[in-house]
Amino acid sequence: MSVPPTDPPSDEGREPADAEEGRSRRVDPVLPTGTAALERTGAPAAAPGASGTLLSTGIGASADDVTPPSRQGVAEGLKWLARHLRREWQLYVLLAPTIIWLLLFLYKPMYGLQVAFKDYSVFRGVAGSPWIGFEHFQTLFASDQFLRALKNTVIISFYSLLIGFPVPILLALMFNEVLNQTYKRFSQTVVYLPHFISSVIIAGIVITAFSPSAGVINTMLGWFGIDPIYFLTKPEWFRPIFVGTGIWQEAGFQSIVYLAAISGVSPTLYESAVIDGASRWQMMWKVTIPSILPTIIIMLIIRIGNILEVSFEMVILLYQPATYETADVVNTFIYRQGIQAGQYDFAAAAGLFNAVVAFVLVVAANSISKRYSRTSLW
Amino acid sequence: MANMNLYSRGDKIFVITNMVLIGMFAISALYPFIYIASLSFSSGFEARAGRVVLTPVDVTIEAYRYVLSDPQFWISYKNTFIYTIGGTLMSLAFIIPGAYALSRPQLLGRRFWNLTVAFTMWFNAGLIPFFLNMRDLGLLDSYFGIIIGFAVNGFNIILLRNFFESVPQSFEEAARMDGANEFQVLWKVYVPLSKPAIATIALFCIVSRWNGFFWAMVLLQDDDKIPLQVFLRHTIATLSDDQEFGATLFDASYSFETVSAAIIVCSIIPVLTIYPFMQKYFEKGILLGGVKE
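The listed protein sequences derive, respectively, from chains C and L.
Sequential numbering from 1 applies to the first sequence in this note's numbering.
Sequential numbering from 1 applies to the second sequence in this note's numbering.
Calculated directly from the structure, the hints in this document are not laboratory data.
All clues given are correct.
Cut-off 20 Å, straight-line C-alpha distance, at most; resulting in silico cross-link-like pairs (EDC-like, lysine to aspartate or glutamate): (1) L/Lys-78 x L/Asp-141; (2) L/Lys-12 x C/Glu-177; (3) C/Lys-286 x L/Asp-11; (4) L/Lys-78 x L/Asp-222; (5) L/Lys-188 x L/Asp-178; (6) L/Lys-188 x C/Glu-88; (7) C/Lys-184 x L/Asp-11; (8) L/Lys-225 x L/Asp-70; (9) L/Lys-12 x C/Asp-276; (10) C/Lys-184 x C/Glu-250; (11) L/Lys-12 x C/Glu-271; (12) C/Lys-184 x L/Glu-283; (13) L/Lys-280 x C/Glu-250; (14) L/Lys-225 x L/Asp-141; (15) C/Lys-108 x L/Asp-136.
Computed footprint of chain C on chain L, listed as stretches where at least three residues anywhere in the stretch have a Cβ under 8 Å from a Cβ of chain C: (16) 111-122; (17) 128-138; (18) 263-269.
Ideal placement from N, C-alpha and C gives every residue a C-beta, glycine not left out.
Sequences and hints are given; from them, build the entire structure.
Here it is as structure tokens:
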């Protein structure tokens, strides 16, 4: 029986990655009956090996190299599989290290997420600790600190989006209008640079520049007769400094995507605009911006999907107990509760909540982007 | 700017305003680095008093002398090189074969394996399970743990897989005629043809390894194993708590600010050195891996 391509497995992320594969699914007869059901239940984390290979037989296969068996039963299928492996074993040898690594370092921790539902003890280990159900989640949602961290995460992300999102677009439009190539190249090089500097160094620069006695910011404020402010201990200053630093570091680099979109705009559009007597300002508004609008929308959707992604490394480097009330985000909360205080199970519960919400947001953002444009992340 | 004559008066104003604004962006991107460099060459006394704004005041190299004479600085510099080189080679050793296998049409369950890779980009277990896993694997406080634990990254695999898929079939046919096996096709045909993509990934790995901080801080306890970023963090954190540092001397030749600035300069220099080579690649790299799985 063949799997109808219009009946994807329940999970949104498992839709055919591209049209070609969708087609080959329709054409290729799949091994024994029941394979489709197996495939549907096969979680992405399912163990590899014989069963893992079997349950997805034929799905990524292309017509010319693989000759799949017709419906002659399991024995025939296994024989064919053995022949295939004898001929193509080298591919699986090449693939194995990556898959083993993923299982060991990324999928095994997903199994370890069960500590979120357990009373974890170091001596009993992940598997041996007793189950306690949703107790950690109840504690979590009764915890003012966690709710504050959640609120701060969303607020900081929202500000970064609101103020930070337009800047790279603006930069790309401006770079596009620079006529002198040397000047353009030089300014691009300089603006991309902060992206490649480590967060420790960026934080070091911020701490130094905002220092009350020595920092250049307070020196400059002094020129206007303003008394020194100890910025990094003031909760009301944390968010502006954090969001501003993020924009300073990433806006240039993010503009690359928009510059690429602009370079894809058909020159004939500009030529006809010139014939119509359009000024450069009008061409920017009437040609360039409408042409890159799809890219802008996709980037916006992706950013909204990543709203729980605050670069917590930078938060750890910049915050201090005095500013926790506006600075503490979910991941820094997890870091303090889990790794510093050793409450692994409770912190893992917070992490699980965060990961699930983030996953749902990303999947939702992607399917929206898929619906309204032909581009998507997968 | 000869071709500006083609444009109207309004266009000229627009173009010039734009150039000025771009210049301001560029200056604001560059200024913090200039400030830090100037600070590192100023005397501690002047730095403390907040008199350094653009250029060094009361030029001295005392801060560098202090930093470079600290054995811990050299230990962590060496460690950063070990993590960067070892980690990048380890990443390539996983990513190149893996991406190649995933790009082959005859791979059984190709969609499933691709999904296994891509899923890790959308969902990860989070800090705590990852940390507990590293502990259970006995990889705390070890060079090997840092090098192997962050070797594979779904984004890089997919980026390289996309590149391999774009290589025309005709390139490998001659090799196949000569009876080359998969290993030989990968090594003799695909790797040489994919040098730009591999260089892009290597550069991404180098930068993320050089800059890596959080997990090195969490996983490494032993001072002999910490990388430069962790050392820098410790220095800034301890010196800024110790307000008396350097200030007790009447005309302190170095201070917390100038010493921090000197370490920052020392750790930025290697990045600045390879940056011109990188720029060629990273613009392409982003676009190659950006849009589609």
